[in-house]
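Throw the hints in and build the complete structure from the sequences for me.
There are 2 protein chains.
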Amino acid sequence: MLGETKGKKSARISRDEIKQVIVIRKDLDMGKGKIASQASHASLMAYSLVKEKHPDIADIWFNGGQTKVVLKVESLEELNSIADKLGRAKIPFKIVRDCGRTQVEPDTETAIGIGPYYSKDIDKITGRLKLL
Amino acid sequence: MLGETKGKKSARISRDEIKQVIVIRKDLDMGKGKIASQASHASLMAYSLVKEKHPDIADIWFNGGQTKVVLKVESLEELNSIADKLGRAKIPFKIVRDCGRTQVEPDTETAIGIGPYYSKDIDKITGRLKLL
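So the protein sequences, as listed, match chains Y and W.
Quick note: the first sequence uses my numbering, first residue 111, plus one each step.
Quick note: the second sequence uses my numbering, first residue 111, plus one each step.
Misleading hints may appear alongside valid ones.
No copy labels: a pair is met if it fits in one copy or bridges any two.
Claimed, not checked - With a Cα cut of at most 30 Å, we get these calculated BS3-like pairs of lysine-lysine:
# : residue 1 : residue 2
1 : 195       : 142
2 : 240       : 230
3 : 200       : 163
4 : 129       : 161
Hints are computed from structural coordinates only; laboratory data are not their basis.
Structure, rendered in structure tokens:
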């Protein structure tokens, strides 16, 4: 862990250290368009949260390529477990609840938007998830 | 057209009149995760543009359910044709160009994010496109 916090408290954060991760529930069998809209929702909600809480991180990511990675979980339990860990680690995230007009029941948790935030912190929690 | 501009110049815009449309190129055969990331990119870029140019519209949409519709085109020509029409109609949009690290060639146009903006104006241009 030595040296790992370098830059975290400083004004210089490299855009390569920051990413946004979107986690999608695969078990809901959503179509491509539905997945795309849930991911977009997750991305924008999480970005807005970070823009408010950590504007420096948000701006570096926004102006520096906006790296996004889309991962999958296989159940609501797995989604909630990720959310719990993110909360404990104080990593900014938003859970997307769909209004349920198409394809899923109302108020279904479909996705999580995480960050933009430090990749190394996010990876500790989502590192074992597979790409969607 | 009579009466159609009602509300457009006034402070009261109903959230039901406003949506964001994301148009995805189907001919690139992108996977679900790639589509989700391109759509998220389109959504955030277009939203940021609208937030700058039409903050009232952006805020009503953001706080009012964030209606998003994901449509498809079958070619770059069709994507460009939509972009031309949006430009002429002065509807805010952003074209996503992918850096091409995975699945597509560098600088490939993969998607368009449109609005949030008045649904009736967007529909005149994208109304014949199919859902992704």
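Status of the hints after comparison with the structure:
{"no.": "1", "hint": "195 with 142", "in the structure": "both (28 Å within a copy, 26 Å between copies)"}
{"no.": "2", "hint": "240 with 230", "in the structure": "within (17 Å within a copy, 40 Å between copies)"}
{"no.": "3", "hint": "200 with 163", "in the structure": "within (11 Å within a copy, 33 Å between copies)"}
{"no.": "4", "hint": "129 with 161", "in the structure": "both (14 Å within a copy, 22 Å between copies)"}
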